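A.B. asks: As a plain string of letters, each chain reads:
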Amino acid sequence: MMKIAIAACKLLRAALKKLGRGSSLPGAVALKICPGALGRLRIDCPVVAVTGSNGKTGTTELINRLALEAGLKTVCNSEGSNQIEGVAACLLGACDLSGRIDAGAVILESDERFCQYTFKELIPTATVVGNLFRDQLTRNGHSEFVAKELKKGLRPGTLPVLNADDPLVTSLGEGFQRVLSFGVSPAALSEPEDASHAYFDGAFCPRCGGRMSYRSHLFAHLGDYSCASCGFCRPAPTHEVTAIEDGAITVDGRYTIALSQRDMMHAQNLAAAFTVAVEVLGIEPERAAAILGGIELKNSMVARVSSYSALGRELTFMLCKHENSMAYNETIASILRGATPDGVSLLIIVDKLSRKYSASDMSWLWDLDLHRLGEPLVGRVVFSGGFAHDLCSRALLAGVPADRILVQPDIEKATSLILEHGRGDLFALTCFTDAPKLRESIRRLSKNGRK
Amino acid sequence: MAENKTTVRITWLYGDLMNLYGSAGNMSSLMRLLEAMGAVVELQELSVGGYSDFSGSDFIFLGSGTERRALMALEDIRRFKDQIARCLEAGGTLLATGTGSALFGRSIKGLDGGLREGLGFAAGSTEFYEKRRYGEYVMSCPLAGEPVVGCINTSSSVRWEEQPLFEVLHRTGDGPEGPEGALKGGLMLTQLQGPLLWRNPPLLEALARKLSGLPLPECRPLWLKEACSGYQRLLRQLTPPPEKAKNA
Ligand SMILES: [Zn+2]
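In order, the protein sequences belong to chains X and Y. The working numbering puts the first residue of the first sequence at 1, with every later residue one more than the last. The working numbering puts the first residue of the second sequence at 1, with every later residue one more than the last.
For the record, the hints were derived by calculation from the structure and aren't laboratory data. Source: prediction; values computed, not measured. No residue lacks a Cβ here, since even glycine has one placed at the ideal position from N, Cα and C. Honestly, I wouldn't trust all of these hints.
A short list of chain Y residues far from chain X (calculated; beta carbon distances all over 10 Å) [stated by the list, open to error]:
1. Asn4
2. Phe54
3. Phe80
4. Arg132
5. Ala227
Here are some chain X residues pointing at chain Y (derived, C-beta under 10 Å) [stated by the list, open to error]:
6. Arg134
7. Leu137
8. Thr138
9. Asn140
10. His142
11. Phe204
12. Ala243
13. Ile244
14. Leu311
15. Ala359
16. Ser360
17. Arg444
No farther apart than 27 Å at their CA atoms in a straight line, the calculated lysine-lysine pairs in the BS3-like style are these [stated by the list, open to error]:
18. Y:Lys210 with Y:Lys184
19. X:Lys32 with X:Lys17
20. X:Lys352 with Y:Lys184
21. X:Lys151 with Y:Lys109
22. X:Lys120 with Y:Lys210
23. X:Lys151 with X:Lys18
24. X:Lys437 with X:Lys356
25. X:Lys32 with Y:Lys131
26. Y:Lys131 with X:Lys352
Using the sequences plus the hints, can you model the full thing?
C.D. replies: Set out below in structure tokens:
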């Protein structure tokens, strides 16, 4: 059955490729034919699973590119789905008919809740868990639920590679004899993070429920935490970022990695990739650092930013994710960090949520740091999309001055409002679900505006 | 002058523990509306390990948290049982949303199978399970006189043997069916979670009037007007068109 499954997968993949379509369908079909196919693969090289709420695609890409440039042949599902069908399509497409994979490293991005199915028979050599944030709660319930589901996917035999700065992630290592960890040293922070947030998920110990204290904060609930009741605390990471400067980070006090933008999430991902490279793939640390510094990510913060011009103004579009407050909060924080004395104006569009799960959930709007739009450097704020009025009400309750806010549900009209009335540098924030509407608006405005 | 003003005493329980799904939006909008009505709001926040006598409160609120945190809150809140009873007897109002509502029933069965005694203010019990369910609703709400919109994001089943707080009019998703919540004197319990009051200005206004005895402001504050626009939009969106309109 295994051979038939592999052949079916390969044939379907080839056919779909001809049609210009990548899909997890070949994997789904193969798993129907041979449900235990993933466990029967013969893989002699390290298998690295990458999961977590934010940044797993970026970390997967970093590890894959790092392995490739270190001369390893890799198999990676970076182009396909991160659920079991996508992983099956990737692996069965890459093996020979006997089920043998000829590679130096297999790197698999996995949805947090699907690890338990994907890695049931195929036990990864190492499993990287980047972080656990509030993400798509209509689908995921909450982070503690996701952590519990994810734990089922960390089976004996895998080596957990955990983010030491995230207490919930660190708690996943309980019961394992050996755990690797990575993080950003509190000493690396020149300026402590002191902005207030709409919510804080680090107040209580994930192990005993006691009240936790933080010596320093990185962002959200990440930082240097400890629980006085049970002694649970941030472990000393296997490898950690010890300095963050303009243009570079230092790992373990001596390995320098060039960095194009100060981005804490990316620094964390680099530390994760470095740890996997050195501890799991056997790459020399100097070499790993040099290669990592040269990688321009398709999925980085920088790549999620694009600039447009229309009506004589520049508008910087920053891709966020609806129902993921971290994505918005970090983006707002980075805009304010980089603001010049001329200030900034923001257009925030929330129109369509994930239709499959939710059309109307607004709980996440209360997790947004909208109060920061009341800071002095913010000129104008335009809210748009179906949720424009809700955003406005929420921002007013958060203390944003009313004379700063414009509400325009129509996205094209809102785009023209920010271009005409925005002060300082202009930014637009929205999700990939609503991004095409923004781009189309800009395209029309720049065409009509030229005359 | 100040002594002539109406004071509304509010106690917010476990705001840092039960902080999921925008529960804070209930407090934020209620306090702002009461202030706009001319009331003086005295807010008291109480969480694990803290102590204060809040039996004289006009309103007690408890929001939604993870199942684990709800059980943590349950263990802590027992020491306040008498105070809550006195508050309700004296005509106080208590609203608990999402998992917070489970604490006030007779029992909670946890994922470990263990049965924990609840506060017992309402007849009914809750059972936590592994599966998660999510549903979006329009429900009738006698207190507000107009329907409420909201979401239930849960991994528990609740059975109340009290007068329901709401009746389900429309439902999408796989959330629980049937009558929703419990209403017993001043006790209002619902699985609807998140910023329920903020999302539903009619309910918010009805509650603010009940708590303060004051009339609504002549002109709605801007944030409330905006919340009303959002409410109207979602009410339209979540209400299926009548058959006639469909056939036309
Ligand atoms: Zn502890």
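A.B. asks: Using 10 Å as the Cβ threshold, decide whether Leu137 of chain X counts as touching chain Y.
C.D. replies: Nearest chain Y Cβ about 6 Å off; hint holds.
A.B. asks: Taking the closest Cβ pair, is Thr138 of chain X under 10 Å from chain Y?
C.D. replies: Because about 5 Å separates Thr138 of chain X from the closest Cβ in chain Y, which is inside the 10 Å limit, the hint holds.
A.B. asks: Does the interface hint hold: is Ile244 of chain X within less than 10 Å of chain Y, judged Cβ to Cβ?
C.D. replies: Interface hint status for Ile244 of chain X: violated (30 Å vs cutoff 10 Å).
A.B. asks: Can we keep the Asn140 of chain X interface hint, with Cβ of chain Y closer than 10 Å?
C.D. replies: It holds, given that the least Cβ distance between Asn140 of chain X and chain Y is near 8 Å, below 10 Å.
A.B. asks: Just to be careful, I want the Cα atoms of Lys210 of chain Y and Lys184 of chain Y compared with a cutoff of 27 Å; is the pair within it?
C.D. replies: Within the cut-off at roughly 15 Å; holds.
A.B. asks: Hey, does Ala227 of chain Y actually stay past 10 Å from chain X on C-beta?
C.D. replies: violated (4 Å)
A.B. asks: For the pair supplied as a hint, Lys151 of chain X and Lys18 of chain X, is the alpha-carbon distance within the 27 Å limit?
C.D. replies: violated (39 Å)
A.B. asks: Need the status of pair Lys120 of chain X, Lys210 of chain Y: alpha-carbon distance at most 27 Å?
C.D. replies: violated (56 Å)
A.B. asks: Are the Cα atoms of Lys32 of chain X and Lys17 of chain X separated by 27 Å or less?
C.D. replies: Holds: Lys32 of chain X and Lys17 of chain X sit about 21 Å apart, inside 27 Å.
A.B. asks: Given Ala359 of chain X as an interface hint, is its Cβ closer than 10 Å to any Cβ of chain Y?
C.D. replies: holds (6 Å)
A.B. asks: If you take the shortest Cβ to Cβ gap from Leu311 of chain X to chain Y, is it below 10 Å?
C.D. replies: violated (27 Å)
A.B. asks: If I take the minimum Cβ distance from Arg132 of chain Y to any residue of chain X, is it greater than 10 Å?
C.D. replies: violated (4 Å)
The earlier numbered hints that this structure contradicts are 4, 5, 12, 13, 14, 17, 20, 22, 23.
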